[in-house]
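Trainee: Produce the entire structure from the sequences given, and follow the hints as far as they go.
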Amino acid sequence: MQRRSREPCYNFKPDRGPSMRRVKDVIQSRLSRRSLLAGTAAAAILAASSSIAPTFADEVNTTGLAVTDDTVTVGILHSVTGTMAISETGSVQAEKLAIEQINAMGGVLGRKIEYTQEDGASDWPTFAEKAKKLLVNDKVAAVFGCWTSASRKAVLPVFEQYNGMLYYPTFYEGLEQSPNVIYTGQEATQQIIAGIDWVAKEKGAKSFYLLGSDYIWPRTSNKIARKHIEKLGHKVVGEEYYPLGHTQFNSVINKIKLKKPDVIYAIVVGGSNVAFYKQLKAAGIDMTKEKPLLLTISVTEDEIRGIGGENIEGAYAAMKYFQSLDNENNMEFVKSFKEMWGDDIVIGDVTQAAYLGPWLWKAAVEKAGSFDIDKVRLASPGIELTTAPEGYVRVHENHHLWSKTRIGLAKPDGQYELVYETAELMEPDPFPEGYQ
Amino acid sequence: MFADYTWTELGSIFAMQGFAGLILFSVFVLMALGLAIIFGQMGVINMAHGEFMILGAYVTYLCSNFFEAYLPALFGIYFFFAMALAFLAAGTLGALVEWSLIRHLYKRPLDTLLATWGLSLILQQAYRSIFGAREVGVTLPNWLLGSVPLTDIIEIPINGIFVMVLTFVIAIAVYFILFRSRMGMQTRAVVQNRVMAGAVGINTEKVDRNTFALGCGIAGIAGSAFTMIGSTGPTAGQLYIVDTFLIVVFGGAASLVGTIASSFAISQAQSTMEFFLSGSMAKVLTLLTVVGILMLRPQGLFSLKIRR
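Chains as they are written, first to last, in the numbering used here: chain A, 102 to 537; chain U, 23 to 330.
None of these hints come from the bench; they were simulated from the model. Errors might be hidden in some of the hints.
[Claimed, not checked] What follows is a list of derived Cβ distance ranges for each label pair:
1) A:Lys-307 x U:Leu-118: 53 to 61 Å
2) A:Asn-430 x U:Leu-110: 45 to 53 Å
3) U:Val-306 x A:Glu-303: 36 to 44 Å
All C-beta atoms, glycine included, are put in the ideal place defined by N, C-alpha and C.
Mentor: Structure, rendered in structure tokens:
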């Protein structure tokens, strides 16, 4: 996979691209100076008299984004090939659904949304290249994309350098806050602290066994979990990491049996998940008996499809959204999602978060009255969505979302049953004090 | 670190751990046998081995759906049909690949690495296009789920026993095919001296095709069995390929006994270390040990002594 990164990228046409851009920039700077001086009428005359200038919707777009009088172009940047395609497909589907619905309602500032989709191919340098292509060549007004933290970290410098706007859907480890990213998934403290409080209070859990795949998200999350468990005066009896793609968990299952924790706190991801839950069940750990109880923050309905509902029955998951949520927004969302993508589809936490991206962007653009990235950024904090499938969400000053955390119980049919939700919205806190 | 536990607990855990090691051993043998035949006997570096396994897994998935929908009465035993079909499907694809691709590369064994790697990418994308990018869930008959409790702590997973028995049966079958049958004798003759084997009237092309198909077929069975313990997705084959090559190279390329011995050594080392260290450290130490031993003994644990 790494191999690809060394190949030159042929997507850019270095001979033509920059010079074209320069012409455009000149015209634009002239336009904006004129419009400042003489108002928009003069600019319109100038635009009409200049034969090479496209129709600029200049009053809502002063920085040369791909916005015309009827359309606005955004980017979708996910992996549709490679290992991550399994997870990212749902996000792509959700974003397309949101865009289609927004268009059906008349678009954003009267403009129809068009999208340019690029494939990150599960390869982080490719993500960075494609992000640059979307921002520099396509001049998209916003990008909905990325899934793993590694891909987000790879595109972050590109978004900051070229001043783009990324809507990132995945729950993640926190410790980041960029002016160029809106994080529509939960950061670690929102997901973890509420979950641990719940098992400690409701289930009387006192000892925890932390388990995860070996990379940044599970490690950081478990660090926060450990701090919080110790703060509550409870005990961590074991902490283990396994390489991504690990398929043999019998040894750790034996260790768990020996330590007899009250809670297995599992952050295993990808294909390993399937092996872990199948082997847990085969080793005679019946999660429905809750001895030990299993609490995960990494298994959504999407993952259960591969694991098999009967293998994970009785486990608890702490996240902000479950497909089974009983509210009108969600019923409507699930119905339209199935209409667009087929009846046998399932919707997980990240898919729902991805669906929020285009809506949050639309709300911010309309509040700002402009597609300009800087104005959208200023308008973003405080944006509310009352139509979100998960319920009400609001954008925090730190670009994360206020959202409720919920606990679901895994059923054999592959769905979660809601057993608890926080009474208040959880405040996002990407840099938790004392937890780092 | 054991102070907190009673002797009974410790005894049970070591029994469990020994059993976990044995399951890992069977899994390793099962995934490596097919590759040992292809790499060991033919010298073809088959990077698409994992994808042949996943073909077996998908065949099992299709079978489980078919039986669930049309023959629910026989669902309890569908797994045996699935394994037979997986063997046939992977074997047929193997024969096809040998005919269209591999046979042109026998004189350039290193190029088989590139060609089969390309093949593995093609197969992955094909699975993705046909079955979708997401993992599929294979429904297992009830008797394969769960475990047999012996004491409070010792519980023997049924699918573990199943894999062990299956591995044993297949290893015996491979032994008979290679060392007690006419086809095996011809295969070994071709391996030892291709020109001479041709001169005494052995159809070396046919032998090559059958050997390659056999190796792929066994990979198919392995993939079918692994639906019980692992995931079934377009790229799941990649999870196995490194371990598989490690075992075959460590055991000595041309020796089936070597493959079994190295599976045993690596599985026991890994499961013991996983118990005392963390999973990632255990993997690192296992790899370091293997690299160290291979530096001292580049031909692997066992090697055939033949005159060149």
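Trainee: Any of the earlier hints contradicted here, and which numbers?
Mentor: Result: no hint breaks.
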